[in-house]
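**Student:** So the sequence lines, in the order shown, correspond to chains A and B.
Mind the numbering: the first sequence is residues 1 to 135 in our numbering, read in order.
Mind the numbering: the second sequence is residues 1 to 319 in our numbering, read in order.
Honestly, the hints are just simulated from the structure, not real lab data.
Watch out, some of these pointers could steer you wrong.
[Claimed, not checked] Every beta carbon over 12 Å from chain A, so not counted as near; a handful from chain B, in silico:
#: 1; residue: K8
#: 2; residue: D62
#: 3; residue: N178
#: 4; residue: E268
#: 5; residue: R273
#: 6; residue: S275
[To be verified] Partial selection, computed: residues in chain B whose CB lies under 8 Å from chain A:
#: 7; residue: V39
#: 8; residue: A40
#: 9; residue: R41
#: 10; residue: N156
#: 11; residue: P214
Every residue gets a Cβ at the ideal spot worked out from N, C-alpha and C, and that includes glycine.
Chain by chain, the residues:
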Amino acid sequence: MAVFPLKVITCNRLFFEGKCKSLVIPAIDGEYGILAGHEPVVVAVQPGSVRIEKEDGQRIHAVVGMGFVSITCDEVLLLVDTAELPEEIDERLAAQVVERAQEILLQKQSHMEHQLAMAAMARALSRLQGKGKFR
Amino acid sequence: MANTTEVKGRIKSIRDTMKITSAMYMISSMKLRKAKSAVARTAPYFFTLQKMIARMLYYAPDVHGKYFSPDKEDTNTDKRYSYLVISGDKGLAGAYNLNVLKLAQRELAQHSNANLMVVGEVGRQFFVSRNIPIDYHFQYTAESPTLPRARSIAANIMELFDRREIDEVYVIFTKMKNSMSSEAELLKLLPLDKSDYIYDGQHEDKVDYLNYDPSPQVVLDHVINDALVGLIYGTLVESYCSEQNSRMIAMQAANDSAKEMLRTLSLEYNRIRQSQITQELTEIVSGYKAQQRKRQQRLQQRKRAEEKIACPSDKGKES
Chain A
1 MAVFPLKVIT CNRLFFEGKC KSLVIPAIDG EYGILAGHEP VVVAVQPGSV
51 RIEKEDGQRI HAVVGMGFVS ITCDEVLLLV DTAELPEEID ERLAAQVVER
101 AQEILLQKQS HMEHQLAMAA MARALSRLQG KGKFR
Chain B
1 MANTTEVKGR IKSIRDTMKI TSAMYMISSM KLRKAKSAVA RTAPYFFTLQ
51 KMIARMLYYA PDVHGKYFSP DKEDTNTDKR YSYLVISGDK GLAGAYNLNV
101 LKLAQRELAQ HSNANLMVVG EVGRQFFVSR NIPIDYHFQY TAESPTLPRA
151 RSIAANIMEL FDRREIDEVY VIFTKMKNSM SSEAELLKLL PLDKSDYIYD
201 GQHEDKVDYL NYDPSPQVVL DHVINDALVG LIYGTLVESY CSEQNSRMIA
251 MQAANDSAKE MLRTLSLEYN RIRQSQITQE LTEIVSGYKA QQRKRQQRLQ
301 QRKRAEEKIA CPSDKGKES
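Looking at chain B on its own, in the form it has when it is part of the complex (with noise of 0.2 Å):
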């Protein structure tokens, strides 16, 4: 059986991580907090956009921007395909960068000529360790997302795709299901697809057309840019949400196995000390008992003694 120092010290050092772990859990949890109220902040702007742009296909259903599929089925198959992966830049958050980088393997071995953007220090670790090459990766972390940088991500893509260098366009990011689980998803940035855009609004506009000045073309290409970077941000938030979220659950389970080792560990602690003093006991009784066990003989023979001197003097006397 271990001895007490060894447990107690045992016990500190835990004591001491659940300290850690559970500061990362507020940590994470204010983050969190701080993330969503950006997001709800910044949701009506891009869900407007969205809706408008699904009401001017509607009126304008004829426009051909370049940055929208084409109607009829797509019979080229040597397309590049470009990948945005964004993932974290700390583990210690369950399996949340696994996930992800478990479904940017999949699909980057599915199409072997592929672009890769990587968002998130743990992601372009894995790509380096892998001797994936890493076509872009953004300087700045995955930590607290921000418009410009979404807005920088955008500018990047749209250069590619302008210069037809990529063909289609995909991220790589997790969606929150709910508060309790996330998934890894693959979400398709870019071309547009027309049918992504239902408008349901045309009885509110009492009208059945619709102008644009200059053109509906220009008026298009003009707000798609910050319909991407809408979409962008909104999957950088989404992403980094989910981590904090990964995180927060994560710690929460390690705080509670370290209480559940604390609690055992307390038990044994006084197990020990318990059989520590039960043992000094027994030897303190026990060896009081032997001291008295010789004590008594000793009197015994002494008592012995005693009457043997005193018998002889008494038959002296006597005679």
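Here chain A stands alone, though its shape is the one from the complex (with noise of 0.2 Å):
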């Protein structure tokens, strides 16, 4: 199977760096598959699960934050604003912040609190999912 390089950038670490065979993004409309030899185009990346099969065939999962993937003829570029590990996730962490944007939400702030707290919502909940499914 053909391998094609990846590279995935956040915004405080290089998280992934190497060859793969496929990688699979949440894109706005659902999930988005990419293999080697993928036309050019840029994919808005929504929070959520990221999986990577590396050359060895070894399968790395993630969950992301927000960003976009751009592939090009020679590489992919994965760049999202955060990328964790399931076992690097703190669960309760993100149940509290689960936890405080409802109250947030409930209290009908204003339209930019709301948007904040709809966004912590989804970044926690994708934590929490991501931490659940692959445990």
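Since each chain comes alone in its own frame, lean on the hints to assemble the complex.
**Tutor:** So, in structure tokens, the structure goes:
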């Protein structure tokens, strides 16, 4: 099976760099699979879980935040604000964030606070989901 | 001439102050190093993001997001300006705060209806004391800038921009020119200028088109927020680094002048002590001399008296 070079950059580290066979990302309207030889395209990425199949068949599951993936002829670049392995996720913290976001949403705050709370909740929920799925 | 205890007291107080300034110097240098390593960790992300935005604009030049300034000259003169002023929390950093605030004041004087956002305690105090209303003060401090902070500032700005309450957003921050000097600067945040994003890597792509899923507009709007966060975070960190740097330089200068003061003071102290010793010695010597003279006089007197007594008895014996 053909492989392609992948780079996953988050805002505080280089999460992954290397050859892989396939990549599945959460796009706006569902999951988006990428294999070697994909056409050049830029896809928006939503908070959710990412699956990477490495050259040696090993699978990496990760939970990512907002961002996009850019596919060119010679490499695939996944640029997201956060990316975490399931074991790095603090379940309790994520649960707290969800709870707090729910409280904020109940209080009918300003539009901005609503947006911020929604975004925080989406991130936390995707973390919790990722943690539960791949344990 | 002052006495020794007075000079001693001054030397002690200068020494104590120097302890504080040298401690502040070390703290600043440590904070600077920490901030710099944080920048180094986030740089690849924001650098790539900028490049990617440039690339998207290159392949889809007809995108007209609301976050980009219009291509043709804008004739609207009645724009609402907004300024994000990044100052420090504390003084004792040379002219760091002053430079930023002076630039801010100059800009505000030009645009009377400007919207003002302030980061940092010194900036807040400055505008409050001059009765300049602050539209938004970020409660947290300028100390140790983090991404969540940049995110919430960006969210605030986006919110105002989306509601069309402001038309142009500028950030006033301190740019580090090199490790020795920094300068207050004005940077346009929104709307983004397409000319700032020039893509020069099209030969690497080996294609002449780029697809978007779902559409270029959506993808761009999706990443613009992050790009803004990156820009704000960059300015926050840069300001923070320059603040620590100016404080380091200020504290270094304070240390140097304290050392100089200590040198002259200890010289003065030694002189006073020496002159006191000399004076005491002179007093002792002159006292001793005076005593000696007196004793000699007394001795001579006694001798003369003894001679007087002796002479008549001699005469008597002889007679």
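**Student:** None of the hints should be skipped; say for each whether it holds.
**Tutor:** Structure-based check of each hint:
1. K8: holds (53 Å)
2. D62: Given that every Cβ of chain A is farther than 12 Å from that of D62 (chain B), nearest at about 16 Å, it holds.
3. N178: N178 (chain B) is indeed farther than 12 Å from all Cβ atoms of chain A, at 26 Å.
4. E268: Non-interface label on E268 (chain B) holds, nearest chain A Cβ at 55 Å vs cutoff 12 Å.
5. R273: holds (60 Å)
6. S275: holds (65 Å)
7. V39: With a minimum Cβ separation of about 11 Å from chain A (threshold 8 Å), the hint on V39 (chain B) is violated.
8. A40: Status violated, d = 10 Å.
9. R41: holds (5 Å)
10. N156: Status holds, d = 7 Å.
11. P214: holds (6 Å)
Consistency with the previously given hints fails for numbers 7, 8, ordered from lowest to highest.
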